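There are 2 protein chains.
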Amino acid sequence: MKKNDTADRLASLHIFDSTLRDGAQGEGISFSVQDKLHVVRALDELGVSYIEAGNPGSNPKDLEFFREVKKIRLENARLVAFGSTRRKGIRPGEDTNLASLLAADTEDVCIFGKTWDFHVIEILRASLDENLEMIRDTMKYLREQGRTVIYDAEHYFDGYLSNPAYALSTLRAAVEGGAQCLTLCDTNGGCLPDAIREMTETVVREFGVPVGIHCHNDGGMAVANSLMAVKGGAVQVQGTLIGFGERTGNANLSTIIANLELKMGLPCLPAGKVATLTPMARRVAEIANVTMDDGMPFVGHTAFAHKAGMHIDAMTKNPKAYEHVHPDSVGNERTFLMSEVAGRSMIIEKIRKFDPAIGKDSPVAQQIVDRLKTLEHEGYQFEGAEGSFELLVRKNMGKYKPFFDLHYYKIIGEQPDADQACTAFAQIKIGVDGVDAITAGEGDGPVHALDCALRTALERFYPGVREIRLTDFKVRVLDSKSATAAKVRVLIESTDGEEVWTTVGVSSDLIEASWQALVDSFEYKLIMDVEKRFKAYL
Amino acid sequence: MKKNDTADRLASLHIFDSTLRDGAQGEGISFSVQDKLHVVRALDELGVSYIEAGNPGSNPKDLEFFREVKKIRLENARLVAFGSTRRKGIRPGEDTNLASLLAADTEDVCIFGKTWDFHVIEILRASLDENLEMIRDTMKYLREQGRTVIYDAEHYFDGYLSNPAYALSTLRAAVEGGAQCLTLCDTNGGCLPDAIREMTETVVREFGVPVGIHCHNDGGMAVANSLMAVKGGAVQVQGTLIGFGERTGNANLSTIIANLELKMGLPCLPAGKVATLTPMARRVAEIANVTMDDGMPFVGHTAFAHKAGMHIDAMTKNPKAYEHVHPDSVGNERTFLMSEVAGRSMIIEKIRKFDPAIGKDSPVAQQIVDRLKTLEHEGYQFEGAEGSFELLVRKNMGKYKPFFDLHYYKIIGEQPDADQACTAFAQIKIGVDGVDAITAGEGDGPVHALDCALRTALERFYPGVREIRLTDFKVRVLDSKSATAAKVRVLIESTDGEEVWTTVGVSSDLIEASWQALVDSFEYKLIMDVEKRFKAYL
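The listed protein sequences correspond, in order, to chains A and C. According to this note's numbering, the first sequence is numbered sequentially starting from 1. According to this note's numbering, the second sequence is numbered sequentially starting from 539.
Take these hints with a grain of salt, some might be off.
[Unchecked claim] Looking from chain A toward chain C, a few residues come up when the C-beta cut is under 10 Å (computed):
| # | residue |
| --- | --- |
| 1 | T96 |
| 2 | W116 |
| 3 | G245 |
| 4 | I256 |
| 5 | D294 |
| 6 | G295 |
| 7 | H311 |
| 8 | D313 |
| 9 | A314 |
| 10 | P416 |
| 11 | V477 |
In short, the hints are calculated from the structure, not lab data. Bear in mind that the values here come from a model prediction, so they are computed numbers and not experimental data. For glycine and all other residues, C-beta sits at the position ideal for the given N, C-alpha and C.
Make the full structure from the sequences, and use the hints.
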């Protein structure tokens, strides 16, 4: 890469993702080397400029990743290895962490150093001058080794507030050493947006190098803080795609990217890529095996979900009535939550999937509306249970035939004596086209046992059920005042690795409610399989 | 309430919670009347100034709540009923929604009206002048009815950007009609903080009444937007305690309150109350049966959780190294440190019930703290399960003797064939002082059957169990990713007509978790009976 390319890249607005480094500090986040490679592919496809992928000095396993990742040809992103300024009292060339960093063999590196006088003295236990030396000669050394160097000023804002002259002198030391970008970190995550903007402006004015911003969400304002820093002149935005990170997480880049591109008119991804934000965010969540917050701005499952009757009514007149951007612009979808209030127009929309010619006042539409109301009155909830809703529509439109007949099931739970563990068994008999299957299962509790037994019974006839993984199970007691006789609603979320669907069951017997949701889930999957296989013939 | 009180209350910084109204528009949120009363108690205890509790015009069920809530004496909060400006073409006195609003019989009401010319014309389908009339005479009518009126200017910011003169004229109409507070709404949730601040400043300058702010989180900046509005002069902050709301949710008041009080030095709750923020937030989540986001700023479970080795090392040197505020300041806990620090004083207090002389560092206290930690790690939760907590303390202090021994129980659930209803039976064998009892029960589901069987078995020995009524039953799936094999937590609330107590059980088998909570509930009641009967002798 020519020098000017680097300078241009760093000087124009760009996204720096740290899902694999700072994001991995989040509770419950742990990436294998394979996971990391998948995340790199997703981020590159999305089009971020930098992927900070590891800290080889503090995590030797990261070196394996850096070897493997070389085999991937990246379209948009450059990989960054992360480390800290050299240790006290030695030269950079003697620092084993820096040696590991260089061994990662990335053209770009990101080095953090101390800004806050309190941290230098109490945590690093170095003198203020020594810290400046550590910053300066680490930068110099890495430049001599041919690296492009981004300097992360840890606790920049807290440091500046504590001792502005010293904070600025740490940045000066970095620039003197050759840092090509100064990234200001709100490490403790507690700053306010107007303060961030002002302090960023000061740095932009003071130094002749590109400035970056790195925020944490402890005050709930990491997104606003990042955007205000951009208004203050920052051109590099660091964060993690869906906000992974220690404590309350890092700045959520999916939210930031959407705001930059769609609200502020500042492109930061290759043209058109912002429209892939939702699937990419979900792919990263899937790789990390983490449930993404449904309400996550722009990319969450409910980000464009409307429930209030009045809002839905207005939305049918004009979608901008209650949407700040169009869901398509970020690859998300508008959903109307299935509730009584929501009413007929959305049901018609669903029905038209099966019969585009159907009229608003058709008897079948009325029939489905009535059925929906009855079921909702009984405690079913179809908002978010689109699997069961589709089955309901199919059943009422004659587009459904059961995949199996249940002869019986039986579950037994037992605490054989006070000291032994509880056990649960299920036995089931089903029939498919006149052929019967009797199977049994055991599990953690009766529902799990029943799930195992049904799966075994169906596999014989429909191998596709093997692909089904139940990914979420929710129980809601509806009339909790009836205590143990209360009605419960069970929601089951399933996936086959490609699609995700949710199904619902309601009963005063938890086993039966779970059974309903389970059967809907299996049938929904089998219908999808049929549709895919026979699309050409339909 | 005297006029000046109202004026003073509205003129100084205050919190307006809409968990029960706008929050109820969130996906999966649905409150019973009892739930709503519990939320009102929690919010009042926290010390918010206003609780917007329903929209009697659009939801007739809310009237029942407004009748019931009158029985609660509130310390800090005032209840608000919500509605909209009168419909087109009629007088306010003829509007049935306004009649319902008045029937709620609250001193304070909040009325929303249209600001955005596009909404007036395309959604409301009224003329711009007619909308002004609707605002003006609705305010006037409600003031004549003796109400304090807050005016919510829907889509204020989008409206102002589209047609500033018209947006301001809607506010003028509200003030002319007698509105005592003008609350500016970012209804679509897509505005940026600097823009919100500037537009708020304009309104504060223009009108002589208190100004409020009501933000949604579609751009991920509802907290920052609210705080910047306060910097622009807003004194009322509307939101929902833990961010419930349609789409991406409303502004999260727990985050806003903590920032106002701890970052900006602006008290908005009664003195000391900010330190109860975390338990209150969790209580509201519990009532709604919603899993709170672990990473929620200030109040989330990981908000002060440190993972990075380097950070933990620094934290042991000085906690401010990687924390923006002290977790105690919001009633939360730092996680890598022993949570015993926070838990201990509460435990000591309980222990002293049994042994007033016990010291802070007694071995039994340590033992209970350790046991509690183990159980919490397994998924138990004793916040709100005071029945089980007291039994735990008793068991560790030797102040407990089982009331019965379990020999075995067995539950059978059966769907005998596809057309018949599910049935559930339980059989149980217990022993009391060498006398055995074998009983059976049938019920709506296996837990209910087990409850019936256990009750019948115990009644012979302890007639007091007849007085126990289970009044609430909650199921929470803990690691929902394990789907039907997931661990569940069951909370059971019971009463004997005098006392109310809650008990907890955890297992990957729902039957066993329910069994634990059931046994704790029965034993707790029997202990209370013993205490009452023999008090004179103790």
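Structure-based check of all given hints:
1. T96: Violated - the Cβ of T96 of chain A stays beyond 10 Å from chain C, reaching only about 16 Å at its closest.
2. W116: At 9 Å from the nearest chain C Cβ, W116 of chain A passes the 10 Å test, so the hint holds.
3. G245: holds, 8 Å
4. I256: holds, 8 Å
5. D294: Given a least distance of 7 Å, the restraint on D294 of chain A holds.
6. G295: holds, 5 Å
7. H311: Holds: closest Cβ of chain C sits about 7 Å from H311 of chain A, inside 10 Å.
8. D313: Hint on D313 of chain A: holds, closest Cβ of chain C at ~8 Å, below 10 Å.
9. A314: Holds - the Cβ of A314 of chain A comes within 10 Å of chain C, reaching about 5 Å at its closest.
10. P416: Hint on P416 of chain A: holds, closest Cβ of chain C at ~5 Å, below 10 Å.
11. V477: holds, 5 Å
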